[in-house]
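**Student:** Residues in the sequence shown are numbered from 11 upward in steps of one, following our numbering.
FYI, nobody ran anything at the bench for these hints, they're computed from the structure.
Do not take every clue at face value.
For lysine-lysine, the following PhoX-like pairs were computed, each having C-alpha atoms within a straight-line distance of at most 25 Å [unchecked claim]:
#1 224 to 116
#2 196 to 224
#3 31 to 85
#4 116 to 85
Simulated restraints, written as ranges between beta carbons of each label pair [claimed, not checked]:
#5 229 to 12: 44 to 50 Å
#6 15 to 200: 39 to 45 Å
#7 185 to 23: 28 to 34 Å
Where a beta carbon is used, it is the ideal one built from N, C-alpha and C, also for glycine.
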Amino acid sequence: MEPGTTADAFLGGRIEILQYKTGHRGGSDAVFLAAAVPARAGERVLDAGTGAGTAGLCLLARVPGIDVAGVEIDKSQCALARQNAERNRVSDRFRVIEADVTAPGKVLGTAGLVREGYDQVIANPPFYGAGSVRAAADASRASAHVMPDGELERWVRFLTTMAGPHATLTLIHRAESLCPLLEVLKDRFGGLAIYPLFPRRGVPAARVIVQGRKNSRASARLLPGLVLHEDGGAYTAEAEAVLRSGAALNLDATGV
11 MEPGTTADAF LGGRIEILQY KTGHRGGSDA VFLAAAVPAR AGERVLDAGT GAGTAGLCLL
71 ARVPGIDVAG VEIDKSQCAL ARQNAERNRV SDRFRVIEAD VTAPGKVLGT AGLVREGYDQ
131 VIANPPFYGA GSVRAAADAS RASAHVMPDG ELERWVRFLT TMAGPHATLT LIHRAESLCP
191 LLEVLKDRFG GLAIYPLFPR RGVPAARVIV QGRKNSRASA RLLPGLVLHE DGGAYTAEAE
251 AVLRSGAALN LDATGV
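Generate the whole structure from the sequences, applying the supplied hints.
**Tutor:** Here you go:
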């Protein structure tokens, strides 16, 4: 194992992810994101900002017949993601592309990305606006958590460009950022399903998963979402099924 890393089990031990002890680390957000992706065997998936590959590898564990391209700007995270693909025996299905999602299209094409070439596009973009939180000392952690002004729109533009004509987009973000997220998705993806993740019953959502179809004109739907913890702190049975057993989240229905 590479010095300075930990080997972390996900999905009840079905996959193992090497992550740096400091810097950006994948966690439950990546697992819930992967659980919500309605991928089917034979489809191509683009995971923007893949980090060490947690979301893409969780998705591959649930839907093994897909191909995933993970895009990541940080060279060291790209190296870890490639190791993780090999560690989990899916290097033939998980390709890591070192690229900046805000780069010009010609640069992205040279890196190996295919315009309108993906059936599913997914992302767990940086959550915080510049100046809204204290900057992290670790550069990779800062870039993974802090998004400069206007960057969210550029991320969505990238995802739109890479999505096939009727592809599905799935994003996870802070609940308080729902309005700006919906604004940048407008006129790009429709039929939006908004799926809140509640820390406990009776409290506001902390995260939202938003899913939509490119070029759709269908109306948005606010779904009941998922409660993550019981009052005592333990995961609810529904959350446990996703985190430990790899259950899917069905954003076309009212539950898991």
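**Student:** Flag every earlier hint the structure violates by its number, smallest first.
**Tutor:** none
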